[in-house]
Amino acid sequence: MQGDRTLARDIRGEIEKQVGEQAAVSVGEGIARLSGRCSSHDTAVQAGFLAAGFDRIREVVNDLVFPGKMRFKPRRRISEELTGKEFDVVIVGGGVIGLAVARELSQFDLSIALFERHNDLGMDQTSHSCAMIHPAIQAEYGTLRWEMNYRGNAMWDETARQLDVDFRRVGTLIVAETQEEEKLLPYVLDMAAKHNDPEPKLLDREGLDRVEPGLVPHVTKGVLIWNTGIISVFELVIAYAENALSNGVSIFLDTSVLGIHTEDSAVRAVDTDRGTVRARILINAAGLYADRIAEYAGDRFFTIHPRKGETIIFDKSYQPVRTVFAPVSMAAESRESKHSKGGGIIPTTDGNLQFGPTAFEVCDREDVATTAEGCDSLYTRFAPLLERLKPEYEKPDRGKIITQFAGCRAATYKEDFIIEPSRKVRGLVHAAGIQSPGLASAPAIAERIREIARDEWLPSPNEDFDPVRKRQVRLAELQLDDQDKLIRDDQLYGHIVCRCEDTSEAEVVRALHGPLAARSVDGVKRRTRAGQGRCQGGFCMPRIVEIISREMDTARHHVVKSDGRSYILSKRTK
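Last residue of the sequence shown: number 586 in the working numbering, and the count goes up by one each step with no gaps.
Incorrect hints may have been included.
[Said to hold, decoys possible] Simulated pairs of lysine to aspartate or glutamate, EDC-like, Cα-Cα distance not exceeding 16 angstroms:
1. K233 / D216
2. K412 / E399
3. K436 / D575
4. K407 / D379
5. K233 / D176
6. K81 / D376
7. K482 / D216
Read the hints as simulated data drawn from the structure, not as lab findings.
Note that the coordinates shown come from a computational prediction; the quantities given were computed from them, not determined experimentally.
Please construct the entire structure, taking both the sequences and the accompanying hints into account.
Encoded structure:
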């Protein structure tokens with residue numbers, strides 16, 4: 013205990029020295045717990061990082077209070093409809109991690125329920141990601157983040173094939189603009205080798221022209237980190253969920269966890285706003301609220317501090333790059349950034365270019381607001397690079413920006429993933445602190461949870477497990493003859509609702525009646541791309557509202573854009 017008291021004193025002294033704040037610090041079992049008052053959110057975050065910087069600290073619980081700190085307001089119980097239900101496993105969180113875990117655990121003969129607080133899946137970190145499958149070279153070697161990134165990246169070819177999701181290995185291209193920068197390219201090869209990544213390709217000018225044509229003449233050498241991928245993240249969420257459902261998983265939307273019952277230090281039941289469900293295994297994949305779930309179970313040993321990022325999206329008519337693109341100078345800058353990979357110039361599977369994301373600490377976990385400053389900073393940083401390095405292509409134009417979005421990442425102060433069974437509560441497994449590159453790591457994280465479940469509870473295999481899911485037909489992807497046949501079978505395929513994305517009425521109707529039916533305009537957008545094009549729903553939204561009203565048998569002014577009370581119309585006028 014003397015060692016813990018000495019360590020707590022050292023942490024307290026370092027916080028006072030570095031940020032000028034006096035914090036109460038205690039240390040036990042490798043967990044640093046900070047309490048007291050400080051002057052701002054920034055200093056509270058700095059104090060958390062300083063505590064995490066001590067080698068003997070496993071994680072940090074930061075309870076420092078500061079002006080403007082957000083108070084957590086749990087939902088109220090609204091019904092008892094789930095009371096009396098029993099499951100072997102309850103998964104909290106319907107993002108890509110929770111869904112991947114649900115699908116993976118459905119390989120066992122277990123009754124599984126997944127609870128998601130929103131009215132749709134993947135609405136927090138997952139849908140606000142850049143949809144990039146990162147190479148492990150960007151993660152700190154030796155961390156769990158690196159291991160999951162390294163293993164997960166290699167699994168995506170087979171995972172995407174099984175789920176029938178659009179996935180492409182476009183690669184990251186790092187180019188040298190000067191002879192001095194060319195000397196740094198072997199360092200990239202060395203870094204990949206140290207991270208166990210597949211060996212990148214050192215390219216001469218001929219190789220560069222094949223990969224990324226149109227580069228300025230003086231760029232003669234580059235490195236292609238070929239295993240970087242991009243994926244259709246909205247399709248992925250639905251695919252994971254549909255495959256989990258087909259293998260027996262139950263998914264409950266609009267269901268918030270309010271508490272966890274334990275008995276003899278073991279999980280027994282889960283309280284939700286829709287009733288109490290009995291369970292013996294709880295998977296904490298709650299993302300931005302994973303520390304709350306841990307606290308409910310009596311095992312709070314980390315704090316989530318949200319890190320916000322903004323991204324801008326360009327119209328499909330502007331496609332200057334084929335790869336995730338960066339000059340050596342920008343790649344070096346991202347390596348030097350302590351808590352962010354720095355964002356980038358990233359294509360998407362749907363043909364849009366994106367700049368971003370940014371990265372800065374915020375106190376509100378629900379902060380998804382975009383700003384003019386964020387848009388300006390991204391454009392100012394990345395547009396000149398494209399204009400300088402690819403002069404043969406159309407110059408960047410702010411008028412081509414069709415939308416911007418933001419989201420928060422669920423970081424802990426150790427900046428590593430937490431994937432482990434609880435050390436205090438039997439039946440509780442944490443999949444927490446999963447920030448970028450969480451998407452790239454998802455298959456490996458799910459596999460790790462499956463291994464924990466297998467070793468801890470020895471479940472029998474599900475003999476009927478089927479890993480394959482087939483995607484729905486999309487009119488825009490068919491040849492004319494196939495489109496004609498489809499329209500003859502169902503005339504609603506001939507009614508184009510979204511002209512930007514060529515989405516038909518039949519696809520919108522299907523989205524509203526599928527196994528995971530859309531409940532909002534944005535839910536339709538995520539399933540069909542209607543509203544994701546150049547006009548961002550300016551033309552198709554009224555028609556989609558009309559179709560939702562008709563198919564759901566509800567008044568148009570009851571149709572929501574996204575979640576909660578986000579009504580598009582206020583009342584009927586005529």
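So, going through the hints one by one against the coordinates:
About 5 angstroms separates the Cα atoms of K233 and D216, which keeps this hinted pair within 16 angstroms; it holds. With a C-alpha separation of about 14 angstroms, the suggested pairing of K412 with E399 holds against the 16 angstroms cut-off. About 36 angstroms separates the Cα atoms of K436 and D575, which puts this hinted pair outside 16 angstroms; it is violated. For the hint pairing K407 with D379, the CA-to-CA distance comes to about 32 angstroms; that exceeds 16 angstroms, so the pair is violated.
Distance hint between K233 and D176 is unfulfilled; the C-alpha atoms sit about 36 angstroms from each other, more than 16 angstroms. For a cut-off of 16 angstroms, the pair hint linking K81 to D376 stands: about 8 angstroms separates their Cα positions. Straight-line distance between C-alpha atoms of K482 and D216 comes to about 41 angstroms, which puts the hinted pair past the 16 angstroms bound.
Violated hints, in rising order: 3, 4, 5 and 7; the structure is consistent with all others.
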